[in-house]
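175 is the number of the first residue of the sequence shown in this note's numbering; add one for each residue after it.
If you're looking for bench data, these hints aren't it; they were derived computationally from the structure. For glycine and all other residues, C-beta sits at the position ideal for the given N, C-alpha and C. One or more of the hints may lead you astray.
Claimed, not checked - Quick list of the computed label-pair ranges, beta carbon to beta carbon:
(1) Gly-352 <-> Ala-260: 25 to 35 Å
(2) Arg-390 <-> Leu-235: 31 to 41 Å
(3) Gly-327 <-> Gly-418: 36 to 46 Å
(4) Asp-450 <-> Arg-374: 22 to 32 Å
(5) Asp-202 <-> Arg-289: 40 to 50 Å
Unchecked claim - Only pairs whose alpha carbons sit at most 20 Å apart, straight line, appear in this in silico EDC-like list of lysine to aspartate or glutamate:
(6) Lys-431 <-> Asp-290
(7) Lys-440 <-> Asp-472
(8) Lys-354 <-> Asp-408
(9) Lys-486 <-> Asp-408
(10) Lys-440 <-> Asp-202
(11) Lys-446 <-> Glu-420
(12) Lys-354 <-> Glu-317
(13) Lys-486 <-> Asp-286
(14) Lys-393 <-> Asp-408
(15) Lys-440 <-> Asp-451
(16) Lys-354 <-> Glu-324
(17) Lys-244 <-> Glu-233
(18) Lys-489 <-> Glu-420
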Amino acid sequence: MILSRRQLLCLASSAAILASSRSALALDYPARPVRILVGYSAGGVSDIVARLLAQKLSERLDQSFIVENKPGAGSNVAASLALHAAPDGYTLFLAGISNAINVALYSNLDFDFVRDVSPVGLISRSPLVMVVSPTFPAKTVSEFITYAKERPGKLNMGSTGVGGATHVGGELFQMMAGIKMVHVPYRGSPPAQSDLLAGRIEVMFDNIAAAIGLIRGGKLRALALSAPTAALSDVPQISDYLPGYEAYVWNGLVAPKGCPASIIQKLNAEMKTIADDASFKAQLSQLGNTVAFDTARDFGKLVAEETDKWGKVVKFAKLQPQ
Numbered sequence: 175m176i177l178s179r180r181q182l183l184c185l186a187s188s189a190a191i192l193a194s195s196r197s198a199l200a201l202d203y204p205a206r207p208v209r210i211l212v213g214y215s216a217g218g219v220s221d222i223v224a225r226l227l228a229q230k231l232s233e234r235l236d237q238s239f240i241v242e243n244k245p246g247a248g249s250n251v252a253a254s255l256a257l258h259a260a261p262d263g264y265t266l267f268l269a270g271i272s273n274a275i276n277v278a279l280y281s282n283l284d285f286d287f288v289r290d291v292s293p294v295g296l297i298s299r300s301p302l303v304m305v306v307s308p309t310f311p312a313k314t315v316s317e318f319i320t321y322a323k324e325r326p327g328k329l330n331m332g333s334t335g336v337g338g339a340t341h342v343g344g345e346l347f348q349m350m351a352g353i354k355m356v357h358v359p360y361r362g363s364p365p366a367q368s369d370l371l372a373g374r375i376e377v378m379f380d381n382i383a384a385a386i387g388l389i390r391g392g393k394l395r396a397l398a399l400s401a402p403t404a405a406l407s408d409v410p411q412i413s414d415y416l417p418g419y420e421a422y423v424w425n426g427l428v429a430p431k432g433c434p435a436s437i438i439q440k441l442n443a444e445m446k447t448i449a450d451d452a453s454f455k456a457q458l459s460q461l462g463n464t465v466a467f468d469t470a471r472d473f474g475k476l477v478a479e480e481t482d483k484w485g486k487v488v489k490f491a492k493l494q495p496q
């Protein structure tokens, strides 16, 4: 079909109006308070990360960014509320590794964590640390694997709950090392650490923020890290013994699918500036977290890759939600 000059001009004019309206959305945004939903109770690391980020966004964009805690079902309650909200940029969700794990762990989700999100940007990540008591016989990962292979199904591995990062990080370790341990879930790090110190469990793949004080105080021995961090620069990596092993807790913002690209770009640009802010880096460092910024596209790739990776671990370990 050959278009007339008049038709071509009309098309060009329509395209210009559309581009102009999209730009106007970004210029006007945010015109009212923005909600950031968090799938955990107040006071946890994810909640604090969200509040620090919300404070910086509020300062930079001269509008309130309000954190709302909606705990439940491993953060699925908050994710569902956020991803079914209007895709206008006024409801955001602090996504994390749990959401990638939950895709395979839960069979009844009313959303698709990969297809139903508009990635905004990654903001932080932190490794897990493999810890044992100071009296445990193995002093290296190699020695631990040998010790575990000699005692199949005899060692107890603690975690902060079924399907969480501290659980699947340990399951990935077992899968790659070819060992079998008994998983013992707890409600948080402190009770698991108490049993680790008492010898009722032998190992834990703990959040670094929860374990670093005990490590520095000599109450726990760090065998290895799941990913590098300056906080424990003298501790080796699990990948030194199991090439390809990597696991870390991450957080980033997502919006419902269909959120205007101009708003995503504006938020991502602000997040980049915040990620470069020295005070923000220092605040995250106190939590055992490292600032980690990604473009919206790269963050989307990370979400898809993490969902695929942990889905394989969940299926291998035959995990079920509790």
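Verification of the hints:
1. For Gly-352 paired with Ala-260, a C-beta distance near 49 Å fails the hint of 25 to 35 Å.
2. The beta-carbon spacing between Arg-390 and Leu-235, approximately 38 Å, falls within the hinted interval of 31 to 41 Å.
3. The hinted window of 36 to 46 Å between Gly-327 and Gly-418 is violated, with their beta carbons roughly 25 Å apart.
4. Between Asp-450 and Arg-374 the C-beta distance comes to about 45 Å, which lies outside the given range of 22 to 32 Å.
5. As the Cβ distance of Asp-202 to Arg-289 is approximately 28 Å, the hint placing it in 40 to 50 Å is violated.
6. Between Lys-431 and Asp-290, the direct Cα distance comes to roughly 5 Å. Compliance with the 20 Å bound is thereby established for this hinted pair.
7. At most 20 Å may separate the alpha-carbon atoms for a hinted pair to count; Lys-440 and Asp-472 meet this at roughly 16 Å.
8. Taking the CA atoms of Lys-354 and Asp-408, the gap is about 28 Å. The hint is violated against a cut of 20 Å.
9. With a CA separation close to 31 Å, the supplied pair Lys-486 and Asp-408 exceeds the 20 Å bound.
10. Only pairs whose Cα atoms come within 20 Å are accepted, and Lys-440 paired with Asp-202 is accepted, the gap being roughly 11 Å.
11. At most 20 Å may separate the alpha-carbon atoms for a hinted pair to count; Lys-446 and Glu-420 exceed this at roughly 25 Å.
12. With a CA separation close to 15 Å, the supplied pair Lys-354 and Glu-317 stays within the 20 Å bound.
13. Between Lys-486 and Asp-286 the CA atoms are separated by roughly 17 Å; this keeps the pair inside 20 Å, and the hint holds.
14. A distance of roughly 17 Å separates the Cα atoms of Lys-393 and Asp-408; the hinted pair therefore holds under the 20 Å criterion.
15. For the given pair, Lys-440 sits about 17 Å from Asp-451 by alpha-carbon distance, which is consistent with the 20 Å threshold.
16. Annotation: proposed proximity of Lys-354 to Glu-324 holds, straight-line Cα distance about 10 Å (limit 20 Å).
17. Of the supplied pair hints, the one linking Lys-244 and Glu-233 is violated, its CA atoms being roughly 24 Å apart against a limit of 20 Å.
18. The straight-line distance between the Cα atoms of Lys-489 and Glu-420 is roughly 18 Å, inside the 20 Å bound, and the hint therefore holds.
The structure fails hints 1, 3, 4, 5, 8, 9, 11, 17 (numbered hints given earlier, in ascending order).
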